[in-house]
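*Asks:* Sequence:
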Amino acid sequence: MYQGLVLSLLMGLSLPERPTVIWLQTDWAPHQIVEGPMRGQGTFDVLQQRVTALLPQYSHQDRLISLGRVEVFFQQPRETVCITGSLYTAERASNRYYSLPMAVGPGFSINYVRGSRVAAYVNDSLQIDIKKLVQDEKLLGAYQPNRYYPQVMQPILANTANHLIKTEFTSELNAAALLISKRVDYVVEYPERMQFYQRELQQTAEIESAALQGASADSVSYITCSQTELGKQLIADINQVLPQIWLAPDFKDVLFYWLDDNAKQVLSAKFSEIQQQMAEKNRP
Numbered sequence: 001m002y003q004g005l006v007l008s009l010l011m012g013l014s015l016p017e018r019p020t021v022i023w024l025q026t027d028w029a030p031h032q033i034v035e036g037p038m039r040g041q042g043t044f045d046v047l048q049q050r051v052t053a054l055l056p057q058y059s060h061q062d063r064l065i066s067l068g069r070v071e072v073f074f075q076q077p078r079e080t081v082c083i084t085g086s087l088y089t090a091e092r093a094s095n096r097y098y099s100l101p102m103a104v105g106p107g108f109s110i111n112y113v114r115g116s117r118v119a120a121y122v123n124d125s126l127q128i129d130i131k132k133l134v135q136d137e138k139l140l141g142a143y144q145p146n147r148y149y150p151q152v153m154q155p156i157l158a159n160t161a162n163h164l165i166k167t168e169f170t171s172e173l174n175a176a177a178l179l180i181s182k183r184v185d186y187v188v189e190y191p192e193r194m195q196f197y198q199r200e201l202q203q204t205a206e207i208e209s210a211a212l213q214g215a216s217a218d219s220v221s222y223i224t225c226s227q228t229e230l231g232k233q234l235i236a237d238i239n240q241v242l243p244q245i246w247l248a249p250d251f252k253d254v255l256f257y258w259l260d261d262n263a264k265q266v267l268s269a270k271f272s273e274i275q276q277q278m279a280e281k282n283r284p
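If you use our numbering, the sequence shown closes out at 284, no skipped numbers anywhere.
Simulated from the structure, these hints should not be mistaken for laboratory data. The C-beta atom is built at its ideal place from N, Cα and C for all residues, glycine as well. Do not take every clue at face value.
[Claimed, not checked] Label-pair restraints from in silico Cβ distances:
id: 1; residue 1: A158; residue 2: E79; range: 39 to 45 Å
id: 2; residue 1: E35; residue 2: H163; range: 32 to 38 Å
id: 3; residue 1: R69; residue 2: D124; range: 41 to 47 Å
id: 4; residue 1: S116; residue 2: Q61; range: 43 to 49 Å
[Unchecked claim] Calculated lysine to aspartate or glutamate pairs in the EDC-like style (CA-CA distance at most 16 Å, straight line):
id: 5; residue 1: K264; residue 2: E280
id: 6; residue 1: K252; residue 2: E206
id: 7; residue 1: K264; residue 2: E200
id: 8; residue 1: K264; residue 2: D218
id: 9; residue 1: K252; residue 2: E273
id: 10; residue 1: K270; residue 2: D253
id: 11; residue 1: K182; residue 2: E206
id: 12; residue 1: K232; residue 2: D124
id: 13; residue 1: K252; residue 2: D237
id: 14; residue 1: K264; residue 2: D124
id: 15; residue 1: K281; residue 2: D237
id: 16; residue 1: K270; residue 2: D218
I would like the entire structure built from these sequences, with the hints used as guidance.
*Replies:* This is how it looks when you write it as structure tokens:
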């Protein structure tokens with residue numbers, strides 16, 4: 001019995017320690033939901049859970065930080081950190097390793113209440129020409145300042161004569177509530193954010209979206225990790241499991257859970273394109 005105990009202890013001591021990976025989390029619902037009844041059920045929350053479950057060779061830890069501190073962690077890599085849902089920029093690529101595509105989502109869109117006057121501006125491609133929309137004196141729009149809007153929005157934001165007001169969306173000033181209460185007629189925002197706001201209100205009025213004409217209707221996001229040796233190996237391992245995740249029968253439902261029907265239709269082609277690419281990578 002004594003010899004068996006010693007042998008067990010020696011075997012335990014010989015096991016290599018798993019490398020630790022810090023997964024950064026931000027309060028950016030519905031991608032990452034950090035409080036309330038839906039905590040941990042955001043789109044990126046679920047995808048991260050699936051990725052880490054397939055990488056048991058690492059010790060995974062979550063760390064909640066403010067959105068503004070994300071870049072600091074990658075610019076000063078004292079430890080290996082990763083984050084889900086990064087958009088690609090050349091600046092970020094200078095201090096991070098990028099995975100294969102992790103998700104596809106909509107770009108900034110025009111959000112409005114179904115059946116409202118705004119719906120008349122939606123074309124057959126489920127897009128709206130915002131240059132025409134902001135000239136309608138009977139309609140008032142809202143947007144949140146200090147965000148990276150597409151180029152088609154820049155001259156509109158610079159023109160103070162447009163019927164588009166700056167508004168800081170908060171938990172107290174819910175963007176969906178602005179629409180449903182008819183304080184504004186449309187909101188420039190990501191569709192999934194509007195759907196999250198609407199579900200918080202538990203309202204029956206339905207909010208729809210239309211893509212911005214002249215801007216990309218979709219955005220591909222990735223997992224990014226620190227440019228360390230561990231980060232490099234992590235991305236290689238993540239790339240091995242991402243095709244399997246993309247081919248899961250319920251993956252589309254997970255990605256599209258927070259989208260309205262219009263946004264789902266707009267994204268379907270891009271989703272199928274990336275899924276086909278992943279299927280090819282998954283072949284033996």
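*Asks:* Indicate, hint by hint, whether the structure satisfies it.
*Replies:* Okay, the hints, checked on the actual structure:
1. Restraint check, A158 to E79: a C-beta distance of roughly 41 Å satisfies the suggested window 39 to 45 Å.
2. Judged by the Cβ atoms, the range 32 to 38 Å given for E35 and H163 holds: they are separated by roughly 35 Å.
3. A hinted range of 41 to 47 Å for the beta carbons of R69 and D124 is consistent with their spacing of about 43 Å.
4. Between S116 and Q61, the C-beta spacing of about 46 Å keeps the proposed range 43 to 49 Å intact.
5. For a cut-off of 16 Å, the pair hint linking K264 to E280 is broken: about 24 Å separates their Cα positions.
6. This hinted pair does not check out: K252 and E206 have alpha carbons roughly 22 Å apart, beyond 16 Å.
7. Restraint check: the Cα-Cα separation between K264 and E200 comes to about 20 Å, which exceeds 16 Å; the hinted pair is violated.
8. Under the criterion of a C-alpha separation no larger than 16 Å, the hint pairing K264 with D218 is consistent with the structure, at around 11 Å.
9. With a C-alpha separation of about 12 Å, the suggested pairing of K252 with E273 holds against the 16 Å cut-off.
10. With a C-alpha separation of about 15 Å, the suggested pairing of K270 with D253 holds against the 16 Å cut-off.
11. Proposed proximity of K182 and E206 is supported: the alpha carbons are some 13 Å apart, at most 16 Å.
12. Distance check on the hinted pair: K232 and D124 sit about 44 Å apart at the alpha-carbon level, beyond 16 Å; violated.
13. Proximity of K252 to D237 is assessed by CA-CA distance (about 22 Å); at most 16 Å being required, the pair is judged violated.
14. Among the hinted pairs, K264 with D124 is consistent with the structure: their alpha-carbon atoms are about 15 Å apart, no more than 16 Å.
15. Simply put, K281 and D237 have alpha-carbon atoms about 14 Å apart, close enough for the 16 Å limit, and the pair holds.
16. Restraint check for K270 and D218: satisfied, since their Cα atoms lie roughly 8 Å apart, inside the 16 Å limit.
Of the hints listed earlier, those the structure fails to meet are numbers 5, 6, 7, 12 and 13, in rising order.
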